[in-house]
Amino acid sequence: MTRVHDMGGRYGDGPVTPIPDEPLFLEPWHRKAMALTLAAGALGEWSIDAARFTREALAPKDYASFSYYEKWIAALADLLAARGLVTREELAGGAIAEAPLQDKALKGGDVAGALSRGSPSLRLGPDPRFRPGDRVRARLPAHNTLVEGGHTRLPAYAAGHVGVVVQSHGAHVFPDSNAHFLGEAPQPLYGVAFDATDLWGWSERAGDEVMIDLWESYLEPVA
Amino acid sequence: MPHDHHHDHDHALLPPDPALRVRALETILTRKGLVDPAAIDEILDTYENKVGPQNGARVVARAWRDPAFLQALRDDTTAVLADMGLIGRQGEHVVVVENAPEVHNVVVCTLCSCYPWPLLGIPPTWYKSDAYRARVVREPRAVLADFGLTLPEEQKVRVWDSTAEIRYLVLPMRPEGSEGLSEDELMQWVTRDSMIGTGLPQRPGGGA
Chain W
1 MTRVHDMGGR YGDGPVTPIP DEPLFLEPWH RKAMALTLAA GALGEWSIDA ARFTREALAP
61 KDYASFSYYE KWIAALADLL AARGLVTREE LAGGAIAEAP LQDKALKGGD VAGALSRGSP
121 SLRLGPDPRF RPGDRVRARL PAHNTLVEGG HTRLPAYAAG HVGVVVQSHG AHVFPDSNAH
181 FLGEAPQPLY GVAFDATDLW GWSERAGDEV MIDLWESYLE PVA
Chain R
1 MPHDHHHDHD HALLPPDPAL RVRALETILT RKGLVDPAAI DEILDTYENK VGPQNGARVV
61 ARAWRDPAFL QALRDDTTAV LADMGLIGRQ GEHVVVVENA PEVHNVVVCT LCSCYPWPLL
121 GIPPTWYKSD AYRARVVREP RAVLADFGLT LPEEQKVRVW DSTAEIRYLV LPMRPEGSEG
181 LSEDELMQWV TRDSMIGTGL PQRPGGGA
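Which chain is which? The protein sequence lines are W and R, in order. For the first sequence, the UniProt record's numbering assigns the number 1 to the initial residue and increments by one for each residue that follows. For the second sequence, the UniProt record's numbering assigns the number 1 to the initial residue and increments by one for each residue that follows.
FYI, nobody ran anything at the bench for these hints, they're computed from the structure. Glycine is no exception: its CB is placed at the ideal position from the N, C-alpha and C atoms. Hints may be right or wrong, so weigh each one.
Cut-off 30 Å, straight-line C-alpha distance, at most; resulting in silico cross-link-like pairs (DSSO-like, lysine-lysine) [claimed, not checked]:
hint, chain 1, residue 1, chain 2, residue 2
1, R, Lys128, W, Lys32
2, W, Lys32, W, Lys104
3, W, Lys104, R, Lys50
4, R, Lys50, W, Lys32
5, R, Lys128, R, Lys156
6, W, Lys107, R, Lys50
7, W, Lys61, R, Lys128
8, W, Lys107, W, Lys32
9, W, Lys32, W, Lys61
10, R, Lys128, R, Lys50
The calculated label-pair distances, taken between Cβ atoms and stated as ranges, are [as the list claims (entries may be wrong)]:
hint, chain 1, residue 1, chain 2, residue 2, range
11, W, Gly207, R, Thr125, 28 to 36 Å
12, R, Gly148, W, Val4, 27 to 35 Å
13, R, Leu181, W, Pro15, 29 to 37 Å
14, R, Glu48, W, Arg135, 45 to 53 Å
15, R, Glu48, W, Arg83, 27 to 35 Å
16, R, Arg203, W, Pro28, 33 to 41 Å
17, W, Leu101, R, Thr125, 29 to 37 Å
18, R, Ala79, W, Gly183, 26 to 34 Å
19, R, Glu153, W, Lys107, 49 to 57 Å
20, R, Arg65, W, Asp21, 25 to 33 Å
21, R, Asp41, W, Thr17, 28 to 36 Å
22, R, Asp75, W, Pro23, 33 to 41 Å
Whole structure, please, built from the sequences with the hints as guidance.
Here it is as structure tokens:
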């Protein structure tokens, strides 16, 4: 079963409304929410996969009502508590166990290097089983096979559908494992093309396509 | 790791108002020595003053002018961008997708809000909205109409759903009237939305 974040194809959301000349941050606290999340992420206590899972594991009513940076801040608090970096008492406004700047904290002078390094997900891993041109079926249902209700990057709208491999991206960290601190478990990643009419039972124009990056264990061969 | 509740959602212990919530977390993290205030300033300076759509626009303008650069970009995008200092957080692996008379490319992340930060900066609100994430995979042409963009019927749409750590940069077609311009001049034609696929390059200063 899927979670609230997995919304590709959903009906009922209404128009997309760009804000003309939108400022970089709509509220002053958005600046701090972004920077705090990046700085705390640099502690190395969780991966991007774990951070994404924590955001999508918000209660559906929170996920739907929170703005983007509210989701970030809620997930940051949840991650800090889950990793034992802050206590529930501290979050609740109790006394803070003060400490000098820790070694693992990202220092001002190290920011440029850390941001330009990022966190590449390419790894040495198994050789790809599929090649460009191969027909593959995305697993049905879309779910994490390691952890019930866990993180997965197979969108529900693609599950069960047949696509064509168009690109082999090499082996990448497997989010379904890494999000739950179960290891990086790299596996081959592919760009797969799906026909829009096949995905939706309808399309705006015959031949339109949706391209999705999918890990090898999400896919099975189609003769 | 439990599936769902990290201790009944610890974030609910913080004040409900988001501005107060952020301030409380900042205080806790700073006093505990987990976050360096100088790093906060440096991160904000990076995305407010250094990294933004002008980075992607330079790549597009150079690709329009220099066939050898375009070919290198096709062969190994990430290597070329690394040489330009345009690889990094949320843009570690990049693929350029080229628009052509037969195909128009649009980028989304239906599962969260993945976006090529080193090339385009921080994503705009609409890119992160439920409406964009939900709709653009199913009815891209209707969504493009929300942006005032109508594609010719002969141009097929490819929507790229960024489900992994591969980030996509749309290379729009070079517009008529931009012949003979320098790289810096051409950059002014390259809009942020044209590199996501929800817009086309625009003559600077408006007008067609």
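Hint by hint, here is what the structure shows:
1. Pair hint R/Lys128 plus W/Lys32 holds up; C-alpha atoms about 18 Å apart against a cutoff of 30 Å.
2. The straight-line distance between the Cα atoms of W/Lys32 and W/Lys104 is roughly 20 Å, inside the 30 Å bound, and the hint therefore holds.
3. Under the criterion of a C-alpha separation no larger than 30 Å, the hint pairing W/Lys104 with R/Lys50 is consistent with the structure, at around 25 Å.
4. For the hint linking R/Lys50 to W/Lys32, the alpha-carbon distance of about 17 Å falls within 30 Å, and the restraint holds.
5. This hinted pair checks out: R/Lys128 and R/Lys156 have alpha carbons roughly 24 Å apart, not beyond 30 Å.
6. For a cut-off of 30 Å, the pair hint linking W/Lys107 to R/Lys50 stands: about 19 Å separates their Cα positions.
7. Note on W/Lys61 and R/Lys128: the hinted pairing holds, with a Cα-Cα distance of about 17 Å set against a maximum of 30 Å.
8. At most 30 Å may separate the alpha-carbon atoms for a hinted pair to count; W/Lys107 and W/Lys32 meet this at roughly 16 Å.
9. Simply put, W/Lys32 and W/Lys61 have alpha-carbon atoms about 24 Å apart, close enough for the 30 Å limit, and the pair holds.
10. Our distance criterion of 30 Å between C-alpha atoms is met by R/Lys128 and R/Lys50, whose separation comes to about 22 Å.
11. In this structure the hint that W/Gly207 and R/Thr125 lie 28 to 36 Å apart at CB holds, the actual value being about 31 Å.
12. A hinted range of 27 to 35 Å for the beta carbons of R/Gly148 and W/Val4 is consistent with their spacing of about 30 Å.
13. A C-beta distance of roughly 35 Å is found between R/Leu181 and W/Pro15, which places it inside the suggested range of 29 to 37 Å.
14. Separated by about 46 Å at the C-beta atoms, R/Glu48 and W/Arg135 satisfy the suggested range of 45 to 53 Å.
15. For the hinted restraint 27 to 35 Å between R/Glu48 and W/Arg83, the CB-CB distance of approximately 29 Å keeps it satisfied.
16. Here the CB-CB span from R/Arg203 to W/Pro28 is close to 35 Å, well matched to the stated 33 to 41 Å.
17. In this structure the supplied range 29 to 37 Å holds for W/Leu101 paired with R/Thr125, their Cβ-Cβ distance being about 34 Å.
18. Take R/Ala79 and W/Gly183: their Cβ atoms lie about 28 Å apart, and the range 26 to 34 Å holds.
19. Checking the proposed 49 to 57 Å range against R/Glu153 and W/Lys107 shows it holds: the Cβ atoms sit about 55 Å from each other.
20. In this structure the hint that R/Arg65 and W/Asp21 lie 25 to 33 Å apart at CB holds, the actual value being about 28 Å.
21. At about 32 Å, the beta-carbon gap between R/Asp41 and W/Thr17 stays in the expected band of 28 to 36 Å.
22. A beta carbon spacing of about 38 Å between R/Asp75 and W/Pro23 agrees with the range 33 to 41 Å that was offered as a hint.
Of the numbered hints given earlier, the model fails none.
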